[in-house]
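*Asks:* These are the residues of each chain, in order.
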Amino acid sequence: EADIYQTPRYLVIGTGKKITLECSQTMGHDKMYWYQQDPGMELHLIHYSYGVNSTEKGDLSSESTVSRIRTEHFPLTLESARPSHTSQYLCASSTGTPPTDTQYFGPGTRLTVL
Amino acid sequence: AQKITQTQPGMFVQEKEAVTLDCTYDTSDQSYGLFWYKQPSSGEMIFLIYQGSYDEQNATEGRYSLNFQKARKSANLVISASQLGDSAMYFCAMREGPWAGNTPLVFGKGTRLSVIA
Numbered sequence: 113e114a115d116i117y118q119t120p121r122y123l124v125i126g127t128g129k130k131i132t133l134e135c136s137q138t139m140g141h142d143k144m145y146w147y148q149q150d151p152g153m154e155l156h157l158i159h160y161s162y163g164v165n166s167t168e169k170g171d172l173s174s175e176s177t178v179s180r181i182r183t184e185h186f187p188l189t190l191e192s193a194r195p196s197h198t199s200q201y202l203c204a205s206s207t208g209t210p211p212t213d214t215q216y217f218g219p220g221t222r223l224t225v226l
Numbered sequence: 006a007q008k009i010t011q012t013q014p015g016m017f018v019q020e021k022e023a024v025t026l027d028c029t030y031d032t033s034d035q036s037y038g039l040f041w042y043k044q045p046s047s048g049e050m051i052f053l054i055y056q057g058s059y060d061e062q063n064a065t066e067g068r069y070s071l072n073f074q075k076a077r078k079s080a081n082l083v084i085s086a087s088q089l090g091d092s093a094m095y096f097c098a099m100r101e102g103p104w105a106g107n108t109p110l111v112f113g114k115g116t117r118l119s120v121i122a
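Read top to bottom, the protein sequences are chains A and B. Residue 223 in the working numbering sits at position 111 of the first sequence, with consecutive numbering throughout. Residue 115 in the working numbering sits at position 110 of the second sequence, with consecutive numbering throughout.
These are computed hints drawn from the structure, not numbers from a lab. What you are looking at is a predicted structure, and each value in this text was computed from that prediction instead of being measured. Each residue gets a CB set at the ideal place from its N, CA and C atoms; glycine is no exception. Careful: at least some of the hints might be erroneous.
[Said to hold, decoys possible] Cross-link-like lysine-lysine pairs, in silico, DSS-like; alpha carbons within 27 Å at most:
#1 Lys8/B to Lys169/A
#2 Lys78/B to Lys8/B
#3 Lys169/A to Lys114/B
[Claimed, not checked] Here are some chain A residues pointing at chain B (derived, C-beta under 8 Å):
#4 Gly126
#5 Leu157
#6 Gly208
#7 Gln215
#8 Pro219
#9 Leu223
[Stated by the list, open to error] Some chain A residues judged to face chain B by a derived CB distance under 10 Å, without partners named:
#10 Arg121
#11 Glu154
#12 Leu155
#13 Gly170
#14 Asp171
#15 Ser174
#16 Glu175
#17 Pro195
#18 Thr198
#19 Leu202
#20 Thr212
#21 Tyr216
Work out the full structure, taking the sequences as your base and the hints as a guide.
*Replies:* The following block contains the structure:
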């Protein structure tokens, strides 16, 4: 089981603010992912990384950006938060060869933009 | 087209009974992986069980088993001896090949399981 951490767990913020959601894992996993999930709905991939200095956009268009400067760290940034960004954001990591690599998830960040 | 279909938005089961959560998938790849995750009300996603497309045996993990019917493209999750703590959302997911590709993990819409005492 992976040890993967997300901070903050809950965030309420005003429109127009810049925010960064933190995600760290201690297992040395090469792959990391960000998903967005509205309440009671399925997860949608918004960003992923297959290693340091590698980032890709997922299948759901997102105004957020990510960086992967260190293996263990994969922060997500919103330059100007809007109410439409209100959602839960889940970070995950995995290692191994697709399609068999199992993704392990962090506890999530519930973001509310007023 | 929906890659993962979970037709049961909600299910109820009596404590200590077994329950089957349905999942069908759509892919033209020969190599793929199927996953089940549990999401309690606290929000985290907990990995339960994995089945590879080339695995001949159905996967089992404790009280969880996966009823894999490749020809029917179904991968149902069976939970035996349900417990109150099993009440949660359950998501079926699929990852397609190729081995070195960047294909994402695609999730179904989930099934909310409620275990009744």
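*Asks:* Next, verify each hint and record whether it holds.
*Replies:* Right, here's what the structure says about each hint:
no., hint, verdict
1, Lys8/B to Lys169/A, "holds (19 Å)"
2, Lys78/B to Lys8/B, "holds (11 Å)"
3, Lys169/A to Lys114/B, "holds (21 Å)"
4, Gly126, "violated (23 Å)"
5, Leu157, "holds (4 Å)"
6, Gly208, "violated (10 Å)"
7, Gln215, "holds (6 Å)"
8, Pro219, "holds (5 Å)"
9, Leu223, "violated (12 Å)"
10, Arg121, "holds (9 Å)"
11, Glu154, "holds (4 Å)"
12, Leu155, "holds (5 Å)"
13, Gly170, "holds (6 Å)"
14, Asp171, "holds (6 Å)"
15, Ser174, "violated (13 Å)"
16, Glu175, "violated (19 Å)"
17, Pro195, "violated (20 Å)"
18, Thr198, "violated (14 Å)"
19, Leu202, "holds (6 Å)"
20, Thr212, "holds (5 Å)"
21, Tyr216, "holds (6 Å)"
Going down the numbered hints, you'll see the structure goes against 4, 6, 9, 15, 16, 17 and 18, while the others check out.
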